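Generate coordinates for the entire structure from the input sequences, incorporating the hints supplied.
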Amino acid sequence: MNAFQLAWKNISGNAFRNGVVSLCALLLSAFALFTTLVMRGAETSLRLTIDRLGADIVVVPEGSEAKIESALLMGIPARFWMPEENLHKLSAVQGVDVVSPQLYLATLTGAECCSVSDMFMIAYDPGSDFTVQPWLKGEMGNGLRLGEVVGGNYISATDGEQNIQVYGYLVTLKENLEPTGTGLDQTMFLTFDTAYDIASKSKSQAKSTLVIPPDSISAALIKVAPGNDPHAVAIEIMQNVPGVTPIESSDLFQSYRKQMTGLLKSILVILSVTWGLSVVLIGLVFSMAANERRKELGVLRALGATRRFVFQSLLAEASLLAFFGGATGLAVAGLAIFLFRKLIMVSLDIPFLLPSPVSLLVQIGVGLLLALFSVNLAALFPAFKISRQDPAVAMRE
Amino acid sequence: MNKTMGILIIVLALVIAIVPLFTDCLANGRALTTADGRSVPMKCHWTAIAEIGLAVPLALVGVFNLTSKRKETFRTLNLIGVALGALVILFPTVLIGVCMNAAMPCNMIEKPALILSGVLVMGASLIALAGSRNFIEPAAA
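Taken in sequence, the protein lines are chains A and B. End of the first sequence sits at 521 in the numbering used here; the numbers just go up one at a time, nothing left out. End of the second sequence sits at 130 in the numbering used here; the numbers just go up one at a time, nothing left out.
In case anyone wonders, no lab produced these hints; they're calculated from the structure. Quantities reported herein were computed from a predicted structural model and do not represent experimental measurements. One or more of the hints may lead you astray.
Under 7 Å between C-beta atoms, here's a sample of chain B residues computed to sit facing chain A [as the list claims (entries may be wrong)]: (1) Gly86; (2) Met93; (3) Met97; (4) Pro101; (5) Ile104.
In the DSS-like style, the derived pairs of lysine-lysine whose C-alpha atoms are separated by at most 27 Å in a straight line are [what the hints assert, rightly or not]: (6) A:Lys133 x B:Lys(-8); (7) A:Lys419 x A:Lys509; (8) A:Lys133 x A:Lys419; (9) A:Lys389 x A:Lys466; (10) B:Lys58 x A:Lys133; (11) A:Lys133 x B:Lys60; (12) A:Lys382 x A:Lys191; (13) A:Lys466 x B:Lys58.
Below, a sample of chain A positions facing chain B; criterion: calculated Cβ distance under 7 Å [as the list claims (entries may be wrong)]: (14) Tyr278; (15) Lys466; (16) Ile468.
Glycine included, every Cβ here is placed at the ideal spot set by N, Cα and C.
What follows is the structure, encoded as structure tokens:
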């Protein structure tokens, strides 16, 4: 009989001790996986959103910085306007390669003329756009025509139809974007022509008119000319174009990043305390078990088992318990995160995207290693102590 | 092992019976309004009611897991547990369903809670089923 077989026999013998150790490993690994997945999921989500935006600088009216972040990240409809003439001023700034305007619109709340309430809509100018169209060309071969739209991952048409009613106007959903875990998943993309057509027809077809102020835009996306520093261009814009705020893509979502950093710090503190307590608890349980089994292990030594064998069998027992507890905890935590991802996003107010299968497997592996390391660390001292005892003394006690 | 799994199944049966009642759209003040002005509960509410019907036999499976002393009884009980766990998952996903809108509370809490509980019930029943193979029946008096 080898050390693992002996450990296996021992495990099936003491339900309470094994239950406590496995539960500690379960909680530890589940909490570690939950923390890592949520924080990494939020970070991936932010990065994907910035990549999809594709602009080096986003220019918005002064005081609208928080609104655009909420709109892009959480899908909260935002409405702000600045004069269209700003586009010419921005084009004239040194280092600016392309400027593309966007209109930010929203459907009505609870109105029959809109299939979806409070849906954020982004209208782009096909003539200058460099963010939505390149993706569309890759996916669909051409741009959007009048009355056609592209939806975020959560946008769906009514059963059996590809039409969505917006201000009483039927638009055709051509394609859905890949998920980002942010508000872009609940956003509809359309061309300026479609937006103006909806606005003109909404006067007669909708409960309330879609108002787009004349000669106004909501934001301007800027691509910096090669060889120019986006930061220097942003400073140039601030100095030359009054009433606007340039946001560099690296500075986008700063408030959410700060919120996530704060959350990460709190979670790390809780994780450290949980880890410390678990190691102490497992250590105590193993010490108690080792004391209970002094005679049994003494007999084992008297029958010829070496100190090394006893030590190995105790650590093998700890490893088996950590493996079963850890694997169960990781499976439950993984499933819970997958099922409750929407609730996590809403309650923590952060974007969230599940990682790729490879990344998930790596994180599960790390969680399992953490459980194995913690339980073995806790069991090390009691196992060492009991394996060093004299068999004759142990059997007499 | 069977006792632990029995207690777990009872706890899960309570979760399955209670959680949907407080997380469906009706409990959150949302209902369909018919043409004549009446308020009608949406289908997530009927899923919640159906789950009570599943939670009762499931709780009994848990209780009998605590009291039974025969290997065959454990085997039958836990096979029923697996079937009930599968039904707990099927009601909100296939058989009745929940509301369409992903942002509704039934989609965010009720459905995931029921799927997770169903998976755990099936897991607990399968573990108890595997454990019953080594169960030693007490000698007859």
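Hints, one by one, checked against the model:
| no. | hint | in the structure |
| --- | --- | --- |
| 1 | Gly86 | 13 Å, violated |
| 2 | Met93 | 10 Å, violated |
| 3 | Met97 | 4 Å, holds |
| 4 | Pro101 | 3 Å, holds |
| 5 | Ile104 | 6 Å, holds |
| 6 | A:Lys133 x B:Lys(-8) | 20 Å, holds |
| 7 | A:Lys419 x A:Lys509 | 14 Å, holds |
| 8 | A:Lys133 x A:Lys419 | 17 Å, holds |
| 9 | A:Lys389 x A:Lys466 | 23 Å, holds |
| 10 | B:Lys58 x A:Lys133 | 23 Å, holds |
| 11 | A:Lys133 x B:Lys60 | 21 Å, holds |
| 12 | A:Lys382 x A:Lys191 | 16 Å, holds |
| 13 | A:Lys466 x B:Lys58 | 44 Å, violated |
| 14 | Tyr278 | 6 Å, holds |
| 15 | Lys466 | 5 Å, holds |
| 16 | Ile468 | 9 Å, violated |
In summary, the structure is inconsistent with hints 1, 2, 13, 16 from the numbered list given earlier, while agreeing with the others.
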